[in-house]
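Produce the entire structure from the sequences given, and follow the hints as far as they go.
Chain residues, written in single-letter form:
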Amino acid sequence: MSQPESALAEAQGGGRAPESLAALAERHGLRRAIARPSMPAYLRQLWDRRHFILTYATSRNVSKYSESMLGQLWQVLTPLLNAAVYWLMFGVILGQSKQIDNYPAFLITGVMVFTFTQRTVISGAKSISSNLSLIRALHFPRAALPLAYTIQELQQLGYSMAVLVLLVLVTGEPVSWLWLLIPVVLIMQLVFNIGTGMFMARLGAFMRDMNQLLPFITRTWLYASGVFYAIDERTKDLPDFLRWALEFNPAAAYIEFMRDLLIYQRFPERWAWVTCLFWAVFALIVGFWYFWRAEERYGRG
Amino acid sequence: MAELTKELSQVAPQTSETQNHETQNPKAGTPTVIVDDLHIVYKVYGSAGDAEKGNAASALMRILRRQGRPQMKEVHAVKGVSFVAHHGDAIGIIGRNGSGKSTLLRAIAGLLPPHKGAVYTNGQPSLLGVNAALMKELTGERNIILGCYAMGMTPSEVREKYDEIVDFSGIGDFVQFPMSTYSSGMGARLRFAISSAKTHDVLLIDEALATGDRDFKKKSQQRIKQMRDAAGTVFLVAHNLDVIEETCNRVIWLHKGKIRMEGDPQEVLEAYNKA
Numbered sequence: 001m002s003q004p005e006s007a008l009a010e011a012q013g014g015g016r017a018p019e020s021l022a023a024l025a026e027r028h029g030l031r032r033a034i035a036r037p038s039m040p041a042y043l044r045q046l047w048d049r050r051h052f053i054l055t056y057a058t059s060r061n062v063s064k065y066s067e068s069m070l071g072q073l074w075q076v077l078t079p080l081l082n083a084a085v086y087w088l089m090f091g092v093i094l095g096q097s098k099q100i101d102n103y104p105a106f107l108i109t110g111v112m113v114f115t116f117t118q119r120t121v122i123s124g125a126k127s128i129s130s131n132l133s134l135i136r137a138l139h140f141p142r143a144a145l146p147l148a149y150t151i152q153e154l155q156q157l158g159y160s161m162a163v164l165v166l167l168v169l170v171t172g173e174p175v176s177w178l179w180l181l182i183p184v185v186l187i188m189q190l191v192f193n194i195g196t197g198m199f200m201a202r203l204g205a206f207m208r209d210m211n212q213l214l215p216f217i218t219r220t221w222l223y224a225s226g227v228f229y230a231i232d233e234r235t236k237d238l239p240d241f242l243r244w245a246l247e248f249n250p251a252a253a254y255i256e257f258m259r260d261l262l263i264y265q266r267f268p269e270r271w272a273w274v275t276c277l278f279w280a281v282f283a284l285i286v287g288f289w290y291f292w293r294a295e296e297r298y299g300r301g
Numbered sequence: 001m002a003e004l005t006k007e008l009s010q011v012a013p014q015t016s017e018t019q020n021h022e023t024q025n026p027k028a029g030t031p032t033v034i035v036d037d038l039h040i041v042y043k044v045y046g047s048a049g050d051a052e053k054g055n056a057a058s059a060l061m062r063i064l065r066r067q068g069r070p071q072m073k074e075v076h077a078v079k080g081v082s083f084v085a086h087h088g089d090a091i092g093i094i095g096r097n098g099s100g101k102s103t104l105l106r107a108i109a110g111l112l113p114p115h116k117g118a119v120y121t122n123g124q125p126s127l128l129g130v131n132a133a134l135m136k137e138l139t140g141e142r143n144i145i146l147g148c149y150a151m152g153m154t155p156s157e158v159r160e161k162y163d164e165i166v167d168f169s170g171i172g173d174f175v176q177f178p179m180s181t182y183s184s185g186m187g188a189r190l191r192f193a194i195s196s197a198k199t200h201d202v203l204l205i206d207e208a209l210a211t212g213d214r215d216f217k218k219k220s221q222q223r224i225k226q227m228r229d230a231a232g233t234v235f236l237v238a239h240n241l242d243v244i245e246e247t248c249n250r251v252i253w254l255h256k257g258k259i260r261m262e263g264d265p266q267e268v269l270e271a272y273n274k275a
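If you read the protein sequences in the order shown, they are chains X and V. Just so you know, we're using UniProt numbering here: the first sequence kicks off at 1 and counts up by one. Just so you know, we're using UniProt numbering here: the second sequence kicks off at 1 and counts up by one.
Calculated lysine to aspartate or glutamate pairs in the EDC-like style (CA-CA distance at most 20 angstroms, straight line):
(1) K73(V) with D209(X)
(2) K64(X) with E141(V)
(3) K219(V) with E245(V)
(4) K116(V) with E296(X)
(5) K43(V) with E295(X)
(6) K225(V) with E245(V)
(7) K43(V) with E296(X)
(8) K43(V) with D209(X)
By construction, these hints were calculated from the structure, which means they are not laboratory data.
Shown next as structure tokens:
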């Protein structure tokens, strides 16, 4: 209360009746600017901003490769090169390809599916902290940012999936009616990624060391997710609960589901469906709620 | 916030009607923005002092001693500011660098939460600053669309405004090129054209008129005058005092986060120039 008297004096000097500014505001129906909207209102605002979210995602994808000579081609090259490196490491040098049939297809499916989630986690963590100036300049539901980043990754996944399907065909797997289920597993993974992206966005916004820590976390996750090896094969001699823990891992679940469809031509088992669905719903609800709780605090510095 | 705006726009006509019965002069006296003993404190992550620069051992010691990061400073940018803005006001905010002008604007826009005190507004004040949403690698065309969506326009509004924005910015065929190829003046013109394409109840302008040639300056001043007539209240932060004198009917002089002087532009500017 350093200056309220002078404020009042100013208000009176302007020819108004002596009343507090708060009362004056109330009389004219003015409201405080900052408030977190209710969840339904927030969802409606987010829906109103769908064009911004899509345009922002596309624009980021276009501008990302605009400086490089090969341009948009990198969207295909990056996952391919990644798979090539892993194939050299694990398939040739460590000799996994002798134990697993059609190892190239096995490996690249794992890499592509895992990369989708990994990239969403990493970019989600940056979505708030690298857009502070935007947050401090314009009004919009902040969830639009992690959402746009996830959609940007989805657009990139489009290219990767085309490469993946092509490679699976080249390695000699037949086309199957099960492939019609590919969009279903991708949607489940997308929903999981949206929720995780939002969760990471809040973490990254307030824990600035997160970006330094994340590469290690995602790499550990990568090694635990059965991208290079078959989990059931490796855990044969280990206690059951360890295998369950590894198979309950969402990334592993989405990878196994995709391999069932693409390579093994078998309808995924019930536990796979349950795990994939559970993680999608759980991540979305928890991630969105967690992000929304801090809505008015983003960008405060 | 859109929710709030909707509600308020429903409420607003009623209040102005009741005002009609009470007084002869309906809108002129109605406050649009009330700032009540506003304090803004924010944290900055500055660079470390010379003593600690890049020294991992000292960083570890700090963690062990449970001292926070020394780089993290609290800045008390606005210290107890109060004023009332009315319909039809164009308020210029002046002051030295770091006097809290931009912070005050952000707080009015509802983008910085008050540490103490409050900002009461009618509708949603908007900061004229779409710059942050634009990407310099993209063409002017894409940036116009992106900027309009960022301000919350619908696709039909964007189509409607697109030609107008290109015309007003006067960049012509350059709209097909990436913004990184623009001269600084062209970039500034396009940014102003995009951000002023939307109509606002309360408009906050931060140094938007600093760049551009004479013609464009005149055009943008006209645009501000239009917005003032249409909308109600305009806040303008500028170092260019001529612009403030020509556009504003009231001036607030901020000094170290407090109001040093407030009132008629000529008087305040005179005192400011002497100080």
